[in-house]
Amino acid sequence: MFLVLGRTIRESFRNFWRNGWLSVAAVSVMIFSLFTISVLFVITETGSNILRNVQERVNVSIYFKSDVSEENISKAKIDLESYSEVASVEYVSKEKALEDFKSNNVNEPAIVKSLEELGENPLLASLVVKAKSPDQYESVSAYLAEASFKEDISRVNYGKNKEIIEKLNRIVAEIKKIGSILAVLLAGISILIIFNTIRITIYTHRQEIEVMRLVGASNTFIRLPFIFEGIIYGAIASVISMGLLFLSVRFTAQYFPSVVLPENLFSFYLKNFALLLGMQLAIGTFLGIFSSIIAMRKYLRI
Amino acid sequence: MEKREEILDEENINQMESGTDEMVEAAEMEERKIDDGVIIKFDNVKKVFGSDFAALEDISLEIQEGEFVSIVGASGAGKSTFLKLIYAEEMPTGGEVYFEGKPLSGISRRKLPFHRRRIGTVFQDFKLLPKKTAFENVAYAMEVSGAPTDEIMEDVPQILDIVGLSDKMEKYPHELSGGEQQKVVMARALIHKPIVIIADEPTGNLDPVASLEIVKLLLKINKLGTTVILASHDREVVNKAAKRVIVLERGRVVCDDARGKYKMC
Numbered sequence: 020m021f022l023v024l025g026r027t028i029r030e031s032f033r034n035f036w037r038n039g040w041l042s043v044a045a046v047s048v049m050i051f052s053l054f055t056i057s058v059l060f061v062i063t064e065t066g067s068n069i070l071r072n073v074q075e076r077v078n079v080s081i082y083f084k085s086d087v088s089e090e091n092i093s094k095a096k097i098d099l100e101s102y103s104e105v106a107s108v109e110y111v112s113k114e115k116a117l118e119d120f121k122s123n124n125v126n127e128p129a130i131v132k133s134l135e136e137l138g139e140n141p142l143l144a145s146l147v148v149k150a151k152s153p154d155q156y157e158s159v160s161a162y163l164a165e166a167s168f169k170e171d172i173s174r175v176n177y178g179k180n181k182e183i184i185e186k187l188n189r190i191v192a193e194i195k196k197i198g199s200i201l202a203v204l205l206a207g208i209s210i211l212i213i214f215n216t217i218r219i220t221i222y223t224h225r226q227e228i229e230v231m232r233l234v235g236a237s238n239t240f241i242r243l244p245f246i247f248e249g250i251i252y253g254a255i256a257s258v259i260s261m262g263l264l265f266l267s268v269r270f271t272a273q274y275f276p277s278v279v280l281p282e283n284l285f286s287f288y289l290k291n292f293a294l295l296l297g298m299q300l301a302i303g304t305f306l307g308i309f310s311s312i313i314a315m316r317k318y319l320r321i
Numbered sequence: 072m073e074k075r076e077e078i079l080d081e082e083n084i085n086q087m088e089s090g091t092d093e094m095v096e097a098a099e100m101e102e103r104k105i106d107d108g109v110i111i112k113f114d115n116v117k118k119v120f121g122s123d124f125a126a127l128e129d130i131s132l133e134i135q136e137g138e139f140v141s142i143v144g145a146s147g148a149g150k151s152t153f154l155k156l157i158y159a160e161e162m163p164t165g166g167e168v169y170f171e172g173k174p175l176s177g178i179s180r181r182k183l184p185f186h187r188r189r190i191g192t193v194f195q196d197f198k199l200l201p202k203k204t205a206f207e208n209v210a211y212a213m214e215v216s217g218a219p220t221d222e223i224m225e226d227v228p229q230i231l232d233i234v235g236l237s238d239k240m241e242k243y244p245h246e247l248s249g250g251e252q253q254k255v256v257m258a259r260a261l262i263h264k265p266i267v268i269i270a271d272e273p274t275g276n277l278d279p280v281a282s283l284e285i286v287k288l289l290l291k292i293n294k295l296g297t298t299v300i301l302a303s304h305d306r307e308v309v310n311k312a313a314k315r316v317i318v319l320e321r322g323r324v325v326c327d328d329a330r331g332k333y334k335m336c
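Sequence lines, in order, name chains A and B.
Heads up: the first sequence begins at 20 in our numbering, then just goes up one per residue.
Heads up: the second sequence begins at 72 in our numbering, then just goes up one per residue.
Chain A extracted, bound-state conformation:
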């Protein structure tokens, strides 16, 4: 069995080499399609990473009037917590707000000083509400407008990040859509080109195939070289595409402000190296085998 496999693989490499430019064409188109697919993957992955990051910072702060008692606020907290779309509610007391304010403004003694001169705490107690998902803030704010404690609310700080999130969401969805169409298109083209390459291989080997059949070569033995040829196209293309991805990620990572990203693009690439390579190898060999099989079904009469 190993003997047959060895002979077959040697034969496939020879075919690959002898097909010359055809192999180059097949591999290049495959590289483009794999590269597109993986770039798409990287973009949508980092895109949703950014989204998640921003979403975590989003919240609704409800500021209560200064005369509202702590008891009433905790009642409102319990009320909000019972609301199904709310993930968490955090109470920030007047004192805590003052402390935060002070620590945020340590470098500006004038402000702190004037605050002290005021004698009393001018800041309001608040509840910081986080929704389970960003598109639920709308209903949370609608709920607040109808809440039993709406009279106690001084103001609601909401909507600052809403637009950014929506925009990001739209962009990621758009990239996904266009990228998928492009990937499918390129995959289709590479199937066609590999199909054609294998067809020509079958044609140039028709004499050998005829002899093989006459001397009783098993069908597997006749088919294997073509399948292997397809696999070779896929494997070579995915390795090269991985290299291309390495270069392009490294290049763009320099120009991408790491502030926006929770992690560097390049480290994302390194972290997902196995996944990316595996994905490309899987897609590449699948495309190769698939197109070989169509070509064989059409042109290899066995």
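These aren't lab readings, by the way, just hints derived from the structure by calculation.
Since we're looking at a predicted model, the values are computed, not measured.
Treat the hints with care, as some may be off.
Simulated crosslink set (EDC-like; lysine to aspartate or glutamate; CA at most 20 Å straight-line) [to be verified]:
| no. | chain 1 | residue 1 | chain 2 | residue 2 |
| --- | --- | --- | --- | --- |
| 1 | A | K115 | A | E127 |
| 2 | B | K202 | A | E227 |
| 3 | B | K202 | A | E229 |
| 4 | B | K155 | A | E227 |
Using C-beta positions, here's what the derived DEER-type ranges look like [to be verified]:
| no. | chain 1 | residue 1 | chain 2 | residue 2 | range |
| --- | --- | --- | --- | --- | --- |
| 5 | B | M162 | A | K317 | 20 to 26 Å |
| 6 | A | I313 | B | G296 | 41 to 47 Å |
| 7 | B | E246 | A | I219 | 24 to 30 Å |
| 8 | A | I313 | B | S122 | 25 to 31 Å |
| 9 | A | K317 | B | M224 | 35 to 41 Å |
Backbone N, C-alpha and C define an ideal beta-carbon position, used for all residues, glycine too.
Given the structure of chain A, go ahead and fit chain B onto it with the hints provided.
The following block gives chain B in isolation, referenced to the frame of chain A:
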């Protein structure tokens, strides 16, 4: 209808005759294994190409193990189709072809290669691979069936010696004469130790001297026990063989003589 019965009757008689003929030959040649077993049987076989062109019709005959059968007839008489039905390159439109008692229509595509290894084939156009030497061409037949390398190294020179090419093993087909190329093909056909050799116009591209050598070789192979089926329209070749002759005409068997000469019935 009448005509068909006539043919069938004639065949039955021929069959009996060829049976007795075998017995006589067996007495003459002790080394030859005689088995009364029918190796190939055509049962009312019909082969139609396209929608109306009948290449073969009403073919019913038997070939015994160890027989040497010549199939003669003009071009287009159905000789090649007849042979193709035996190595299952074509399937009959009607009737059934039996090989060693088993119907060939029941053979699965997966088993087909194993059937082909039991049959050696020789053709007019050789079908040698031009980029391989004589040795490699024969070895290739073993390689594709998954034979181990040491077995190949042992068997191939042996078989090339039998056909008389041991000094030309490393030559490429274009460096060999037509007769020598056909001998390489014979060696390739023999490498699997087949029980039947099918030769479709093996001398079609050869000069009379080379043709004679090929026929001698076929007779030698037959003498060693292998059934030989030779299709030819070469009078000399068929007469030299001087064995059973089946004459095909427009897809029908018109004669079947146990010890025949080339003729048109």
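Hints, verified against the model:
1. K115/A <-> E127/A: Between K115/A and E127/A the Cα gap is close to 19 Å, so the pair holds against 20 Å.
2. K202/B <-> E227/A: holds, 10 Å
3. K202/B <-> E229/A: Cα-Cα ~15 Å, so holds.
4. K155/B <-> E227/A: Since the Cα atoms of K155/B and E227/A sit roughly 19 Å apart, the hinted pair holds (cutoff 20 Å).
5. M162/B <-> K317/A: 20 to 26 Å: For K317/A against M162/B, whose Cβ atoms are near 21 Å apart, the range 20 to 26 Å holds.
6. I313/A <-> G296/B: 41 to 47 Å: holds, 46 Å
7. E246/B <-> I219/A: 24 to 30 Å: Because 29 Å falls inside the window, the suggested range holds.
8. I313/A <-> S122/B: 25 to 31 Å: Holds, since I313/A and S122/B (Cβ atoms, about 29 Å apart) stay within the stated range.
9. K317/A <-> M224/B: 35 to 41 Å: holds, 38 Å
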